[in-house]
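Undergrad: Here the protein sequences line up with chains U and B, keeping their order.
Residue 79 is where the first sequence starts when you use my numbering, and the numbers rise one by one after that.
Residue 79 is where the second sequence starts when you use my numbering, and the numbers rise one by one after that.
Hints are supplied without guarantee of correctness; some may be wrong.
Repeated chains share a single entry, so a pair holds when one copy, or any two copies, can fit it.
[To be verified] Derived lysine to any residue pairs resembling SDA-like cross-links, with alpha carbons at most 25 Å apart: (1) K269 with A109; (2) K97 with D310; (3) K269 with A210; (4) K97 with A193; (5) K97 with V297; (6) K97 with G308; (7) K140 with A304; (8) K269 with V112; (9) K140 with A238; (10) K269 with D110.
No wet-lab data here; the hints were simulated from the structure.
Protein chains: 2
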Amino acid sequence: MRIDIWSDVVCPWCSIGKKRLERALADFEHADDVEVVYHSFQLDPSSPTVPEETARVAIARKYGISVEQAAQAQAQVTAVAAEEGMTWHQEEAPNVSTLDAHRLLHLALAEHGPATQAALKEGLLQAYFGAARNVADHALLAELAVAAGLDADRVAAVLASDEYADAVTADIRQAQAYGATGVPFFVIDGKYGISGAQPTELFAQALTQAWSERAPLTVLAGDAGAEACGPDGCAI
Amino acid sequence: MRIDIWSDVVCPWCSIGKKRLERALADFEHADDVEVVYHSFQLDPSSPTVPEETARVAIARKYGISVEQAAQAQAQVTAVAAEEGMTWHQEEAPNVSTLDAHRLLHLALAEHGPATQAALKEGLLQAYFGAARNVADHALLAELAVAAGLDADRVAAVLASDEYADAVTADIRQAQAYGATGVPFFVIDGKYGISGAQPTELFAQALTQAWSERAPLTVLAGDAGAEACGPDGCAI
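Just chain U, with the same shape it has in the complex (with noise of 0.2 Å):
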């Protein structure tokens, strides 16, 4: 079984989620089972690379309320991620892209797999929402990524050029065809859609839910003449 997640490194409820969703794996039964590939989505394309003020100023520019309703409201969503055992710091996290984190996520997922890009995604999260890091720094960016098992030569050369911007592009387009306006954004086998931060019990519905119902393979060709090889040899 398969999970697709879109969600972005500075986006807090994809946080949250991916917490709730990995309480719910860990009481599988058939977890060992299911691959997690997160997928890129960006909440603001313009953000700069350079920050120029922290998230909650801009949210409190962007949305026209005043930067302590953004302080209240990012400390609403702190609240929420304490009752899930994470500790956040989002004062003086910075507004940012994102492109260059979710780039070196694509490098980990073709190049490493799964569990590795697993690796950096949880680093990039808890560097932006533990300590309010600038994930769009490049030295920041290659020291998580080596640290989640990321060759270094090939991080630099990724960072230096604009490798894998096709691949986010692409994420976002996935997204947008899926018809999810948000995230985070699930996916189950390319059958089911959970849109947000849903409850670990819902994950846990979900994930049993589209186990049960894998179907048995259909036979679209193939009879006992079939060009085969099995342990009785050849078929010629």
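Assemble the complex: chain U is given as a structure, and chain B must be docked to it using the hints.
TA: Structure of chain B alone, referenced to chain U:
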């Protein structure tokens, strides 16, 4: 869309089936959205790691036919391979274990991805069927793996250990769960099964059918009030 293929490195119909599927994919308009993953299957797990005889002699002994009859059977398959554009020299191909080859195919998939795995798979098949080489020999395996893009040190470490042996066993068990008694065995999107080296036209039909039947997402959970972030901000 995803195609999972169970096959063995020393299985002639697996190589022919691979070529026919690749022809079908070459003409398939959504080929860029198709991921191909190879899985392990061992036609004869009791084959030795150091060759003692040719496959031809082993086949004759195992199935109680003459070496001449075994040679004739090989020649017939070689003729079919030639129709698919492949030049085979099976005469001296050894009867050897493919366990280590499969372990490296798992390494390639897990740490580099499907494209690297496909390159190694092709290299192994060409070495065995095209040049009758010993695909259990660690020096040859390392050479083919590095040519496919794997890291020489990682390859040496895996060959010196039993890493990925569990993954090989898990693959074989999965094939049994699908009811596959022989290879090649193709599974499209975990839904459609194709047994044997079917004609290219059948693969083409299967690809088109599987693509057209891809269902839209069923939303298992999620509503307007979901805890999510979008272009208009994050829900509180």
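Undergrad: It remains to establish, for every hint, whether it holds in the given structure.
TA: Here is how each hint holds up against the structure:
For the identical chains of this complex, K269 and A109 are neighbours both inside a copy (18 Å) and across copies (20 Å), given an alpha-carbon limit of 25 Å. In this assembly of identical chains, the alpha carbons of K97 and D310 lie at most 25 Å apart only when taken from different copies (23 Å versus 49 Å within one copy). Taking identical chains as interchangeable, the C-alpha atoms of K269 and A210 are never at most 25 Å apart, the minima being 36 Å within one chain and 44 Å between chains. For the homomeric pair K97 and A193, the shortest alpha-carbon distance inside one copy (16 Å) is at most 25 Å, but the shortest distance between copies (31 Å) is not.
When the C-alpha separation of K97 and V297 is checked against a cutoff of 25 Å, the pair qualifies only between copies, where the shortest distance is 20 Å, while the shortest distance within a copy is 38 Å. In this homomeric assembly, K97 and G308 come within 25 Å of each other (Cα to Cα) only across copies, at 19 Å, whereas the closest approach inside a single copy is 44 Å. For the identical chains of this complex, K140 and A304 are inter-copy neighbours only, at 21 Å across copies versus 63 Å inside a copy, given an alpha-carbon limit of 25 Å. Taking the shortest alpha-carbon separations for K269 and V112, both the intra-copy value of 14 Å and the inter-copy value of 16 Å come in at or below 25 Å.
Taking CA atoms no more than 25 Å apart as the test, K140 paired with A238 passes in neither setting, with 31 Å inside one copy and 58 Å between copies. When the C-alpha separation of K269 and D110 is checked against a cutoff of 25 Å, the pair qualifies both within a copy, at 20 Å, and between copies, at 20 Å.
Checked against the numbered hints given earlier, the structure breaks hints 3, 9 and satisfies all the rest.
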